[in-house]
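*Asks:* Here is what each chain is made of, one letter per residue.
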Amino acid sequence: MALVKLNTPIDEATIRSLHVGDSVSISGRLYTGRDAVHHRLHTGVKPPVDLEGQIIYHCGPVMVKEGDQWVCKAAGPTTSSREEPYQWEVIRDYKIRGVIGKGGMGEKTLAACKEYGAVYMHAIGGAAQVCAASIKRVDGVDWMDLGSPEAIWHLWVEDFMAIVTMDAHGQSLHKQVFEESKERLSHLKA
Amino acid sequence: MTAQPLHEVRSQSQLFESILELIRRTSTQLPDDVVHAVNAARGVEKEGSNAAVALNVIGCNIGLARESSLPLCQDTGTILFFVHTPVGYDQLELEEAATDAVREATRKGYLRQNSVDSVTGKNTGDNTGPGSPVFHFEQWREPHVEVKLMLKGGGCENMNAQYSLPHPDLGGRDLKGVENAILDCVLQAQGQGCGPGILGVCIGGDRGTGYAFAKEQLLRTMDNVNDDPQLAELEERIVQKANQSGIGPMGFGGKTTLLGCKIGKLNRLPASFFVSIAYMCWAFRRRGFTLDLQGAVMNWLY
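Protein sequence lines, in the order shown, are assigned to chains V and D. If you use the working numbering, the first sequence corresponds to residues 1 to 190, in order. If you use the working numbering, the second sequence corresponds to residues 1001 to 1302, in order.
The hints are simulated quantities; they were obtained by calculation from the structure and are not laboratory data. Keep in mind the model is a prediction, meaning the values are calculated, not measured. Any given hint might turn out to be false.
To be verified - Simulated pairs of lysine-lysine, DSS-like, Cα-Cα distance not exceeding 25 Å: (1) V/Lys-114 / V/Lys-175; (2) D/Lys-1265 / V/Lys-65; (3) D/Lys-1108 / V/Lys-136; (4) D/Lys-1176 / V/Lys-182; (5) D/Lys-1046 / V/Lys-182; (6) D/Lys-1265 / V/Lys-189; (7) V/Lys-182 / D/Lys-1122.
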């Protein structure tokens, strides 16, 4: 299991060199985007920022405005499976190279990762302070009309840690653990 | 004749300040019994495994949140107040003070703006609105007030499940059927509820009371043993079996899938048999205190 340093924006070759189980340390820009953002993109609205080579972070942070500056108070990942109907399209249409979230995603996303060259990276759910510690600045925000947790926040991160759990080779740790646990629990039935 | 309050003057600000502090502590400091359970799990996973990494990050996060007085998790969740008041106590006044404290806690960043109109999608921005915060009031014969607060994030709330027995794959209306239903919930949740999780379960009731009582089970401390020996045994068995599933922390694979399981029962209709499961994440934010009638803190719970 390697520790790979990634700087955004990321090229396709780098992404395709990653494998399930790799730890990644990400520096550069992250854009948050969760339920309402994915739904709006799905309806055909163009993103307000260039997403090519970028990473979308499934996260609804706690943000407080101190003077003129937004300050991030907490920013762990949210459950990604809710974006399953939309994520593949966003990967295809806007050439994002990665998604960070928690809980993993399904077949459509996995197929899009393989076809277009992207990975799913798992942050530690609930660990909002550890994640926030690597967020050095909040550089801007779009789509604030969706409400603060649902807006697109422009975060600047240094050494944001995550684990690749779905890669561009069709592998998914989530699929594997689900199948294995289903099998094990079937033998433990009362 | 209208009922007179038990006291002439109550300091609204004291009640407000006490509840604001309750919210701050709940959002930023995991209760000791949960910290112990997380720490015990850290010794179980294989060194260097993703499961061990996840638990170490969780341990780190618990410390960071406490030191910096910032939310453990950005999803500060559904705000659930469980309140006991003496007969004659003005519950509406407590509700107003607590709602004001929620607004202030949101402004200060102890709580995220988490109350969204379900039709328009508009966020009220202060965590209030229909259904938020949630209050469960009960009267009791004690002379003081008790307030318990639970913050339950949406990720784990989405993993709650309710089963109606008999079920073709899970079994009939007995504790075997109940056990299989609970383990199915664990299987379906995988890592999506931010495990290792803690389950609150209600056997019986109707669909509404079942879920409410399942959440109330989570007010029991982690080391609390069920008074009912059959349920105590079932609680232990569920944890053992779930931890053999290999789901592990965050669903990464590993030995710690559940930290605990608390089961209660309610009577049911002859026609119904529900098993309601409230899945709580490792960031199990639950605190409480007793208050005197002026709203000053007497004792902290948990």
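*Asks:* Holds or violated: are the alpha carbons of D/Lys-1176 and V/Lys-182 at most 25 Å from each other?
*Replies:* It holds: about 18 Å lies between the C-alpha atoms, which stays within 25 Å.
*Asks:* Given the proposed pairing of D/Lys-1265 with V/Lys-65, does the C-alpha separation stay at or below 25 Å?
*Replies:* 46 Å, violated
*Asks:* Assess, step by step, whether the Cα of V/Lys-182 is no farther than 25 Å from the Cα of D/Lys-1122, and give holds or violated.
*Replies:* 39 Å, violated
*Asks:* Is it true that the CA of V/Lys-114 sits at most 25 Å from the CA of V/Lys-175?
*Replies:* Between V/Lys-114 and V/Lys-175 the Cα gap is close to 15 Å, so the pair holds against 25 Å.
*Asks:* Check whether the Cα positions of D/Lys-1046 and V/Lys-182 lie no farther apart than 25 Å.
*Replies:* 22 Å, holds
*Asks:* With a cut-off of 25 Å on the C-alpha distance, tell me whether D/Lys-1265 and V/Lys-189 pass.
*Replies:* Judged against 25 Å, a Cα distance of about 22 Å means the pair holds.
*Asks:* For D/Lys-1108 and V/Lys-136, compute the direct alpha-carbon distance and say whether it is at most 25 Å.
*Replies:* Answer holds: D/Lys-1108 to V/Lys-136 is near 20 Å, not above 25 Å.
Hint compliance for this structure: hints 2, 7 are not met, and every other hint is.
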